[in-house]
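*Asks:* In case you want the letters, here they are:
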Amino acid sequence: MEKEKSPFLPDPLLGCLLGLCPAIAVSGNFATGSVIGLGLLLSMVSLGLLMPLVRRFSPERLWAPLAFALAASFSAFYSVLVGAYSPLLASLTGLFLPLIAVNCLVLSTLRKTIRRDEGLWTWLLPSALIYFVSLLLISAFREILGAGRLTLPMPAGFENTVGIFPEAPLRLLAAPAGGFILLGFLVLIGRVILDRKGKRIP
Amino acid sequence: MMEPRKKEALLANLAMAAFLAAMAGLVVLVAILIDRSGQARDAALLARLSSSEQAGPARRFSDPAFAYLYPMSRGGKRSYAALANIGDRNGMVRVAAFFSPDGRLEAVHIIDSMPAGLPCGQDGWFTEFLGKGREDYPLLLRDLKKPDAVAGASESLMRTSEAFSRMSSAVIFAEAKGGER
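Residue numbers (my numbering), protein chains in the order written: chain A, 105 to 306; chain B, 3 to 183.
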């Protein structure tokens, strides 16, 4: 009988392919990638912390609308804060900042917190952290190779760009198509590693 | 008389509605406070750059490039100023644009650019790029479509010139509204 494969850490981006829109659209620039990644991380963790309270103090039929309202409030609040921190960063991230509320990763978090499928520490926090770190790495990789520089999420008046290469070594990576190609390779590598280690592929 | 079960449900609904309203109110309050402090900071920056002072309340516009238009005054000479974000997903610059009351672009200062080192992040780039130098900036979009006005036409040029064109139209609108008062 085939030995049952053990579960692996929940990896929403490379494992479950969740939250792809911001991961591809804004990860051509490290500053925007980190801002969106942080927004998703905070949104997921806040939902994970508040939903048990919502479940405790409200009837079950109100859990879903309250969860959606909480997610929308978080993303609106985060958009306002990013706009105050750096108007340029808010403009560069564009629509993706308010759309955090309906990001499929956040929606999946809502479903799980409403159904109590997974806990904050066992699924939500590791998953949010893995997504955040993956987005940071992908956006840094894309910008360094695709544009030859690294843009930091600094407020106005601070030096925000570090030059790495005088010429971009692989311009394709800066384009959305390059993002998809990179993501495809990362998913492939991740799954090969999981398979070799005998872990369950999500 | 309402059934106790229905009454309980109604109270629960009302409590949740009040909670949601309080949460929405909190977000709106924070947004208003941040917006006001940002507006005061922007007005001070524009006054410093143009060595003038704010001559009235800022007028809000729902435009993707700029949010407020500030009436300014220097020694009795009136002008308008706005802070705008111009660019696309490859890069964005924040500029302070100054207009005469008839909507002519008088000066552009670069405030910040992301990433740094963009060609459009250099002072003087906009006037050169727009191809008009010190000449009057065309006020109408149809003038911008003439080949001589859109030398080296590109998406960036159209995006830039449209943003300035909208700011210019906003100045003309604000001036007309101001004159009505």
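Derived from the structure by calculation, the hints contain no laboratory data.
None of these values were measured; they are calculated from a predicted model.
Honestly, I wouldn't trust all of these hints.
[Unchecked claim] Covered by chain A, according to a simulated footprint, are these stretches of chain B (three or more residues, beta-carbon under 8 Å):
no. : stretch
1   : 8–22
2   : 31–43
3   : 86–92
4   : 107–120
Idealized CB from N, CA, C, for every residue including glycine.
*Asks:* Taking each numbered hint in turn, which are not upheld by the structure, reported in ascending numerical order?
*Replies:* Hint check: nothing fails, all pass.
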